[in-house]
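Colleague: Modelling step: build the complete structure from the supplied sequences, incorporating the hints.
6 protein chains.
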Amino acid sequence: TYLHLAANPGLTQALMRAGVHGVAYETIQAEDGSLPCLVPMSEIAGRLAVQEAAKYLERPMGGRGVLLAGIPGVQRGRVVILGAGVVGFNAAKMAIGLGAQVTVLDIAHRRLKELDDLYGPAVQTLYASGDNIAACARQADALIGAVLLPGATAPKLVTRALVKQMQPGAVIVDVAVDQGGCCETTKPTTHDDPVYSVDGVLHYCVANMPGAVARTATLALTQQTLPFGLELASKGFLQAARENAVLRRGVNVDAGCITCPAVAQSLGLPCAPLAA
Amino acid sequence: TYLHLAANPGLTQALMRAGVHGVAYETIQAEDGSLPCLVPMSEIAGRLAVQEAAKYLERPMGGRGVLLAGIPGVQRGRVVILGAGVVGFNAAKMAIGLGAQVTVLDIAHRRLKELDDLYGPAVQTLYASGDNIAACARQADALIGAVLLPGATAPKLVTRALVKQMQPGAVIVDVAVDQGGCCETTKPTTHDDPVYSVDGVLHYCVANMPGAVARTATLALTQQTLPFGLELASKGFLQAARENAVLRRGVNVDAGCITCPAVAQSLGLPCAPLAA
Amino acid sequence: TYLHLAANPGLTQALMRAGVHGVAYETIQAEDGSLPCLVPMSEIAGRLAVQEAAKYLERPMGGRGVLLAGIPGVQRGRVVILGAGVVGFNAAKMAIGLGAQVTVLDIAHRRLKELDDLYGPAVQTLYASGDNIAACARQADALIGAVLLPGATAPKLVTRALVKQMQPGAVIVDVAVDQGGCCETTKPTTHDDPVYSVDGVLHYCVANMPGAVARTATLALTQQTLPFGLELASKGFLQAARENAVLRRGVNVDAGCITCPAVAQSLGLPCAPLAA
Amino acid sequence: TYLHLAANPGLTQALMRAGVHGVAYETIQAEDGSLPCLVPMSEIAGRLAVQEAAKYLERPMGGRGVLLAGIPGVQRGRVVILGAGVVGFNAAKMAIGLGAQVTVLDIAHRRLKELDDLYGPAVQTLYASGDNIAACARQADALIGAVLLPGATAPKLVTRALVKQMQPGAVIVDVAVDQGGCCETTKPTTHDDPVYSVDGVLHYCVANMPGAVARTATLALTQQTLPFGLELASKGFLQAARENAVLRRGVNVDAGCITCPAVAQSLGLPCAPLAA
Amino acid sequence: TYLHLAANPGLTQALMRAGVHGVAYETIQAEDGSLPCLVPMSEIAGRLAVQEAAKYLERPMGGRGVLLAGIPGVQRGRVVILGAGVVGFNAAKMAIGLGAQVTVLDIAHRRLKELDDLYGPAVQTLYASGDNIAACARQADALIGAVLLPGATAPKLVTRALVKQMQPGAVIVDVAVDQGGCCETTKPTTHDDPVYSVDGVLHYCVANMPGAVARTATLALTQQTLPFGLELASKGFLQAARENAVLRRGVNVDAGCITCPAVAQSLGLPCAPLAA
Amino acid sequence: TYLHLAANPGLTQALMRAGVHGVAYETIQAEDGSLPCLVPMSEIAGRLAVQEAAKYLERPMGGRGVLLAGIPGVQRGRVVILGAGVVGFNAAKMAIGLGAQVTVLDIAHRRLKELDDLYGPAVQTLYASGDNIAACARQADALIGAVLLPGATAPKLVTRALVKQMQPGAVIVDVAVDQGGCCETTKPTTHDDPVYSVDGVLHYCVANMPGAVARTATLALTQQTLPFGLELASKGFLQAARENAVLRRGVNVDAGCITCPAVAQSLGLPCAPLAA
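Residue numbers (this note's numbering), protein chains in the order written: chain A, 1 to 276; chain B, 277 to 552; chain C, 553 to 828; chain D, 829 to 1104; chain E, 1105 to 1380; chain F, 1381 to 1656.
If you're looking for bench data, these hints aren't it; they were derived computationally from the structure.
Remember, predicted model here, so these are calculated numbers, not experimental data.
Hints should not be assumed to be uniformly reliable.
[Claimed, not checked] Pairs of lysine to any residue, SDA-like flavour, derived with a Cα cap of 25 angstroms:
| hint | chain 1 | residue 1 | chain 2 | residue 2 |
| --- | --- | --- | --- | --- |
| 1 | C | Lys708 | B | Pro503 |
| 2 | F | Lys1536 | D | Gln1052 |
| 3 | C | Lys708 | B | Gln499 |
| 4 | A | Lys164 | B | Arg491 |
| 5 | D | Lys992 | D | Gly1028 |
| 6 | C | Lys716 | F | Ala1594 |
| 7 | B | Lys432 | B | Gln500 |
Modeller: Spelled out as structure tokens, the structure:
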């Protein structure tokens, strides 16, 4: 299952005390650095993020009453996406598809180049400097927080002061909420009560976004996790983790110890990596 | 304002009794047959329709829990659009943009060709035979009713029996609700209480959809109606209607008479067109 | 040849005194209202306009030192195009192709829709209100004047005051210069000395832009005019003009009279249309 | 030359007895795992596969009489592609280009993502589970077998029973035939007699597909093999193989021994890799 | 049914003698000049034309051995299309989709502009001068004859001498064969024996191309002709033809007289149009 | 700063004598072989190269008078790009965007494939054999030299004899001039006097192309170099170079020794790499 321990010191302590084997889907990592169990959920969350932004921009839902696509002769809605990783890339794809005016900010030139190659002038890519983030946020109809680092807390790129300068009725969808969020004003919400307002800006911070499209999410996850599940079942935990380095990287706590360096560093606790 | 008298015999009678000049935005018609005041609202409604479908397909909103885009390796959501006029065309644009598997049905080859030219294999166009409509509806995650005829009632293309055969949790967005709807199960709803369920299929039938994006809609409408408003104000009703054929076609009732042939025909009442 | 009499009272008087048959390429008009001799030159001028804008935005040419495409992570150049007719459409095509952030303004919804359909969120279309024009001009790196009306003077959409508010080093390319220009600051220039500066804004206002790409322009024009030339040669002027309505509409002056209504109206002179 | 020994035990034995140096184009492998001599031939075969499918779907060629593109208002042909490697990717490109409704199945999420990014809703990517393969095959007008593993036999993804459930007049193009094919019903054919029918389903299983477009194939191959040929000629076999790891990986048999692990494993024979 | 009388004096005489009512699908013409029964068949023929060209370019089928798409690093096949009407437009769409280097020639600027807008630099449009046709034909791998005029014989744009200068193994697909063909070397062939060679150039001139994809063609035609058939059945010939102008234009011969002006002109016979 | 020592033996000697720490932006190299400081400048130069080619193809600037886009019915300009690295890729993107007929030559199949995937038949990719280069150059309106190897001199792919065979008024933009150029006729020019003619072919060989768009270039460079600058400032040269391998690879001369292998090899001088 997904653990997100870096943002949950309490859960981490509990797992350590219980002495369980804690395999976190989000830190299972392939040889090439990719995250096979996190990627599909990130794709879903990124695609869903724009859908939520569009929804809450509607006047009856509390938003500014802006249609992202605009129509011929009328200004398109402005969508600002912080982060061009899997979440941000998929959010950009949807926002462009819905006809919004899209800006994506990141510090990784290579990721921005990929967006530039694929979407050309339908997207504006910008270096994620503080100035650029602030200028974009002030003009945004929707802001998507998509800065996720595997197993670490998200940086607070959007301050409380900046939220105050955003347009009334604008919408923030903070996909990074599972790792603490990338806005200072972010706090986790649920599908039952998904949004709250800070300084007139709607915040959608549902911790388990893919749950909203359970049919799609289940199909997506089963494909990725089935092989690991079969291996765990047939070999037992220790042998499976020893023989399969991809799985082993997913073990966050084991026998009372944190075994994932990123989690340990975020929480300031010692780390005892599992041996092969 | 928008009157939609063909679907409102009561309102028509009231207007006739009151003896008012009733200019219906939806029947103002340019020389080339286009409808300058209806088009922007139809564009907004068509674009919004897919957004509503996506929203109500979410599990917490009552739907099937399907993400229209799917993700790599997982089936895309299926969107079926009845009608390839302005509403249907714009709905198709958004559904394709969101990554759905889109089918558009119409009887006008020229309209289907335009979609085929613009979107290629990202859209399936089909002749709107009863068989094709039924087969598509049964597989649909979302069905968009987009069959609007200026000043006339919409044909009932989706029967109650067909709704029963649709998938549980599927969503119908009937944009034609202003003209009676193109599903037998359609009845008008409001932004406060937008959906209801029939045989497990969610129906979104808000009569004034563009109101949800009031900021965009106001900008759009002002651009089109301002010139007519100025002309009415400066010349008075009769002279403006006499001199401007585009405006004249928009007059539906005048001095107790129906002046729009389509409205008259739909309601089975006599028609007395306004003279130039 | 091209006459542009509406903007040249002196030339008009001279032609009237001389009693010549004056066929203006720019007013030859087909049954469907299209302008077969003007269209190719307008296409060339529109495509060239963006190339000139890019050129004069270079620092060594006197401009702001902005690359229209930007690069990943750096803001694209902003191109604002006034008019979505043939010139504006072709300018937009090139500006989008070069990767600029493009805004096109017009009052014709149908033309804006065509751009929206073809280029989606790679273009922002806006209604050409005074407010929109001013807001766009102030942010523009390049502004293309593309408001041409067959046989009439161009409206002055960009005031001297607005030019003053533009960014230093921005570039105006006024393609409408042949008909007087659509900026108050426009005055005709030549290929030998193509630009001048007003309030720090470079103006490119070459009256015969297609001459810069003579090889392409000659090929383009020959294809359209050859049929008319052959008809004039074989039938003589009067008979050709009588029998061919398309050609007849191109006659601007004949036997000392203005024969083109638009020219006559612009100059406040009487008009004597040629009979069939 | 191409050897495909894994599917040819007889040829392997002969080569071992003859004691020749057997360099198989298909196993020459660069540092990054790419196959420089196989890739161009796979690209050609993948592109050609759809062309053959379209051809044999014609009624006079024995097929269902379906045009892959359909036309506006008529269902597109359905093309199902098993495998999203080089062959499958290129087949998808052509099938989408011809306007078919295309589904690509693979187990590698990364490959499916590339197709999703490049072609959006013009392609449906699916996880290659047995259920998905069967459901797709039953609806297919054309099925392309594109599952090739370097130097190994292809898995039999399409059973004889599944072929029986396909539509009459459907076409299978099994590009994997060189490695045994990915259908149980596959057997190699030639350009002289390229197709046969099993249960009403046409099978095109030509072992050397690129030979059909010899001019293109020759140009393609020469570019890739010329450098190796020059190196072999100037250095002799042993030294060239020792110094050039890319070439060395291409050696399948040498001095009576199998030197390629994949071939040895497929045939259950011992392997003696060539030393650097 | 389709008559193509302009190219069939014998059939015309026979129909006149028999005194039948001859409704030609190809001349049924809507108010806007479009040809509702011809268009779908022209779309199919145009799309199929490129498929046939690709097929006969294969070495085993007698052609040059060229893959239209080429592959990265290898020259694309060159496809030249004469005519940018419905047939040519659809042929261009397929040829571009298959990755060929495509040139389309026509004299109608508006048609070439549509291709230029939709496909940009993936297509080269050229004015159909004799010089351009000759230069293109000499370099072509495939040449598609797509010059069809409703009810008239096709112009012979490709002379016997020009065919001689084409590349050996090149392929001509003359879709205009139903109206006599646009190459001097064209003569009708059948699906049983579709090609012949003249000076080393393969000619595919099947008179009823859509028959090859009977399933698609039947669906396409039924949608268009069903309404007319129902009207003929319920009203009888004379009344139906009188009341429905679209149908009336389709009547080519009636009671021993030619009733279609274009047919009469092509055959040099008198014409007696049917009265409303 | 950028040093390009391989092409500047004099500067190299001077730097060695002075004993400075010479960090060359162009050889700072990340773990994956990418060049973070060179890439943005190469992107700008590649994009700018096509803009310069378009400019100097204008008749008043001395060129052939060709519009790269052509217009419907008129031949597009032909752009030939030598090299499909960062410079060539970005030049191709702009040339395609401007509507030219583009050919890109390289020996790396993978790079050509990327262009083929992204742009399809809008680009022709060719293997960079001598024959292909010569044939393309002879037909080119514009030729872009984009063959850059980090820290080495560019190969002379275009001989003086080949330049003589190019079309009069054609334009060469040699972006490789910083490393000696890839044409025999190349010699460095400046923004003040950017072009010269050899055998009627215009040569644009400005050594610091991005300087023309200083605003864009400064933004681009700052983002990449700021982190290195901060590290150098806080740690001092030696420690920074020791701890940061990316930076260390950028050191070309240090304490009188050449420390970059490629530079040393090009100049035939000994190399003393900096230790970690």
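Colleague: Indicate, hint by hint, whether the structure satisfies it.
Modeller: To see whether the hints hold, each was checked on the structure:
| no. | hint | result |
| --- | --- | --- |
| 1 | Lys708/C to Pro503/B | holds (20 angstroms) |
| 2 | Lys1536/F to Gln1052/D | holds (22 angstroms) |
| 3 | Lys708/C to Gln499/B | holds (20 angstroms) |
| 4 | Lys164/A to Arg491/B | holds (21 angstroms) |
| 5 | Lys992/D to Gly1028/D | holds (8 angstroms) |
| 6 | Lys716/C to Ala1594/F | holds (23 angstroms) |
| 7 | Lys432/B to Gln500/B | violated (31 angstroms) |
Checked against the numbered hints listed earlier, the structure breaks hint 7 alone; every other hint is satisfied.
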